[in-house]
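*Asks:* Residues per chain are reported as follows:
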Amino acid sequence: MAEERASIERSKEKWQNETLEPALRRAPERQERFETSSGIPVERLYTPADVATDYTGLGFPGIYPFTRGIQPTMYRGRLWTMRQYAGYASAQESNRRYRYLLEQGQTGLSVAFDLPTQLGFDSDHPLAEGEVGKVGVAICSLEDMETLMEGIPLDKVSVSMTINATAPVLLAMYEALARKRGLPLAALSGTIQNDILKEYVARGTYIFPPKPSLRLVTDVFRHASEHLPNWNIISISGYHIREAGANAVQEVAFTLADAIAYVQAAVDAGLPVDSFAPRLSFFFSAHNNLFEEVAKFRAARRLWARIMRERFKAQDPRSWMLRFHTQTAGSTLTAQQPDNNVVRVALQALAAVLGGTQSLHTNSRDEALSLPTEESVQLALRTQQIIAHESGVTDTVDPLAGSYFVEKLTDEIEARAGEYIAKIDSLGGALAAIQVGYVQKEIQDSAYIAQKAVEDKKRIVVGVNAFTVLESQKPQLLRVEPAIREEQMGRLRALRQRRDGPAVSESLARLRQAASGNDNVMSHLVACVEAHATLGEICDVLRQVFGEHKEAVVI
Amino acid sequence: MPDGKKIRVLIAKPGLDGHDRGAKVVARALRDAGMEVIYTGLRQTPEMIAEAALQEDVDVVGLSILSGAHMTLFPRIMKLLKDKGMEGILVFAGGIIPDEDVPALKEMGIRAIYGPGTPTGDIVDFLRQNVQ
Amino acid sequence: MEVATEERLNKEGRRAGPVLAKPRYITQNQSIGAKNSSQAIISPSLAESRELADRVLAGDRRGVARLISLIEDDSPEACPALALLYPHTGRAHVVGVTGAPGTGKSTLVGQLARESRQRGLTVGIVAVDPSSPFSGGAILGDRIRMQELTGDPGVFIRSMATRGSLGGLSYATGDAIKVLDAFGKDIIYVETVGVGQDEVEIAATAHTTIVVQAPGLGDDIQAIKAGILEIADILVVNKADQEGAERTVAALQLMLELNHQPQGWQPPIIKTVAVEGKGIEALSHEISRHRDYLQVSGRASLLRQHLAEEELWNIIRKTLVARIMDKLDRAELDQLIHDIADRRLDPHTAANKLIAQILE
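For the protein sequence lines, the chains are A, B and C, in the order given.
Mind the numbering: the first sequence is residues 2 to 556 in my numbering, read in order.
Mind the numbering: the second sequence is residues -9 to 122 in my numbering, read in order.
Mind the numbering: the third sequence is residues 246 to 605 in my numbering, read in order.
Hints listed in this document are in silico derivations from the structure and should not be mistaken for laboratory results.
Keep in mind it's a predicted model, so treat the numbers as computed, not measured.
By construction, the Cβ of each residue, glycine as well, lies at the ideal position given by its N, Cα and C atoms.
Careful: at least some of the hints might be erroneous.
To be verified - Each computed BS3-like pair below joins lysine-lysine, with the alpha-carbon atoms no more than 25 Å apart:
1) A:Lys551 - C:Lys516
2) A:Lys442 - A:Lys424
3) A:Lys453 - B:Lys(-4)
4) A:Lys212 - C:Lys516
5) A:Lys551 - C:Lys598
6) B:Lys69 - B:Lys96
7) C:Lys523 - B:Lys(-5)
8) B:Lys(-4) - C:Lys598
9) C:Lys523 - A:Lys212
10) A:Lys442 - A:Lys459
11) C:Lys598 - C:Lys572
As the list claims (entries may be wrong) - Sample of chain B residues lacking proximity to chain A, with all beta carbon distances greater than 12 Å (derived):
12) Lys(-4)
13) Arg11
14) Lys14
15) Leu80
16) Phe82
17) Gln119
Unchecked claim - Short derived list, chain C residues pointing at chain A, Cβ under 10 Å:
18) Leu302
19) Ala303
20) Asp305
21) Ala328
22) Pro332
23) Ser351
24) Thr352
25) Arg390
26) Met391
27) Gln392
28) Ala485
29) Ala490
30) Val494
31) Glu521
Generate the whole structure from the sequences, applying the supplied hints.
*Replies:* As structure tokens, then:
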């Protein structure tokens, strides 16, 4: 081995002197130094001598530490799930869309909720003005959930819900609906995002302060481990952290630091780690820098396996596996020359697949301008299908393994993310690091550096700071009717008149009591929604008990 | 040391979306250009924005929104500013705002609209040139 | 009635605050006006000043906001307007809130303001954040913690940047408080920057000074040693639900005992959890009690005299410096500086010579 390395070094030196030097004298390189988006230096050439890893130790897919993937056959067995995030306007309209998608052969649904629903406001709340049905569907009550899922077999379709601060309430509605239909809860499968920590640093749709929020997360974990064995209880999200400006290393580090906080909170609440860890899932971004992104996914997988096995002493191999959904990076889409985005999305999607994702959402070309049209959503889906069926990258497991560059980057990202996690540990964990603004500051600094790099043309964005054209033609855009709020308000009024008022008050009073004490709030939430208490009413009670979070300004 | 007049800017996020990356990058760039930036955070109602602009006596209001509620919220903000006697204030906006909405927004007095990818230097220059 | 001991008086003497060299409100124009025998001349700016003062007294919020900006910007209209407002000031109770970053000052001020509103008082808030020493710009983010108050017509919040001042306030803070006072606010909360070691300036501005601590910041004892205890009328341990809160309280208690004054005001220690509104009522009660104490003990009038004297001297110093700067021949000054630097002349003689020359 050492002999081989020495021989490579000798050949490299010879190459440098005889071939490289004269070439450089004739024409210097484009830049003095090259680096990835995370600031990892990129060398001119990688050889076996550059990589510390002994590749016999790299391991195999499907076994610890899962660098090469979580299944032994990966996409030779089954392709990733092509799951496009959708949902807008009213429950009725979304329902029509979902049924159409299911008829087309899709087996999973991904529900997007509007902002008032995400923030625990009913559609008739003054702050909901202009927002109802805008970025997703408005769900205020069990009735809305019934409408949303009408004619959809809950025991056959896996449903993913992008919901965080109000995740326990929406999950309670879903469960109440299943009970009403007489379905066994074990038959339900799906995911709730339920990742509140990243809301404080990146996505902004928080309601309560971190501590009670973390307690709600743990309540969901416990409830699901007892009643919903096939439900993914959380989707720990680096996507939004990346979108807020973090680089690839930070995305891995801050996501896994959040994950550690959730696991620790649940363990502290008395849950055995293997009782819930196999139901944890992750959500990452796929950005532009192809090799760095592939390395990022591989590094994250290995890092998580080590954390779960060594730090939390998980025994079940499923607890060690980092299963993740990927979305292509929305922040890389440009409003200028929107068709260029199709190419960006294709490269990003390729990175996700080469990195071994379990499911993938590809963005539509017009999303920097507004909600996507049906045509662009279709094109985005076609992009995935072309990678899956035409490119050939799915025919072998972890095809980039063994590339000196990719292995070096994987090691480097793992090491650098590990340093961040150690730093966060020293601050007292993710929650404490968020409370003092450390994570936010790191992300914003990266965002600012990235912005300056574009402005100084140190980083080229095609169509934005180079290769620009005068643009006049704008693509067809989708708009949401403002009347949707009126309709939704009418339905709420009718519901409030129709329902049993005292039963609502009573269920809310019990919820208040549970929230003030240590009882698991989940069963009380189910009782509230069954009594037709609205999302806003339920969240008002929780707001009164828990208080509301105000962000720390970190700029 | 105080050096006379400083440009004061209110950066506000009306609507409910939590995407504040753009607002914060702009706030920081304006700070680095020597301006005083009052940052009021997420989920601001039109009333809160107009009143904060009044109390802080700002020269400029910058609005950032990505939720799509701009055609509902911006007219309300502009009317409230006018009602409070601040029609002279310079208002600019950023976020995800379709081109077809731009003429209507300019009509109601929003002076500049910046989409994704705008260099912050453009905003700094625009404010320096247009604040009396 | 308490007899003030020498030591106690010295403690009140802390309110003197640091001397500031910055000539304030003396712009080029104004200095020239002053040379021409000042106040008698009716300039357009004086008419403007009068209008501004009238607007403040008539309760016009925009007028208040405008005048504070003019004060901050050293505009010539500011001084005469303040002169007109002065007889209408002295009513408000001014509460200073200081403490290290991360102790939760803004949240605490927001909660105190809410509490004051519930008791029917009108509220002014001045929140100070640091200016960047590099660009001169600033990010002022304290309103985030006070969002709901923005819609309340009984509350007026103003954010200020330090603009080069180092004592935890900006040069214009004192006069901004006067404007809010004349505007009719019953109680005015002033939140300091909370970064410097030397945030004692607040005590030279406020009637009641609250020093906020929080557990787990590591250097709490350090901050206490740095003399911040000396200026505290009330000590607050915020985030009292966090680990280590009791230790912080105990440390403060010990410091107070070591510093014990046999008579007069004994600073209480109040535990709060500001985000949840816990302990705010008790804190508010202590503020009232301190205010009553100032009245009953006669300390209030003493304090007023003291603050007036300090302010007067500050202004005299600044004005004199400004006038001297104005009259000085730059070349002559440069020559003097050279001489001092080359040890041909000592600085005392040089200064005396200059002043004598100008006072003639």
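*Asks:* Let me make sure I understand: some of the numbered hints might not hold for this structure. Which ones are they, in numerical order?
*Replies:* 5, 7, 8, 13, 14, 18, 19, 20, 21, 22, 28, 29 and 30
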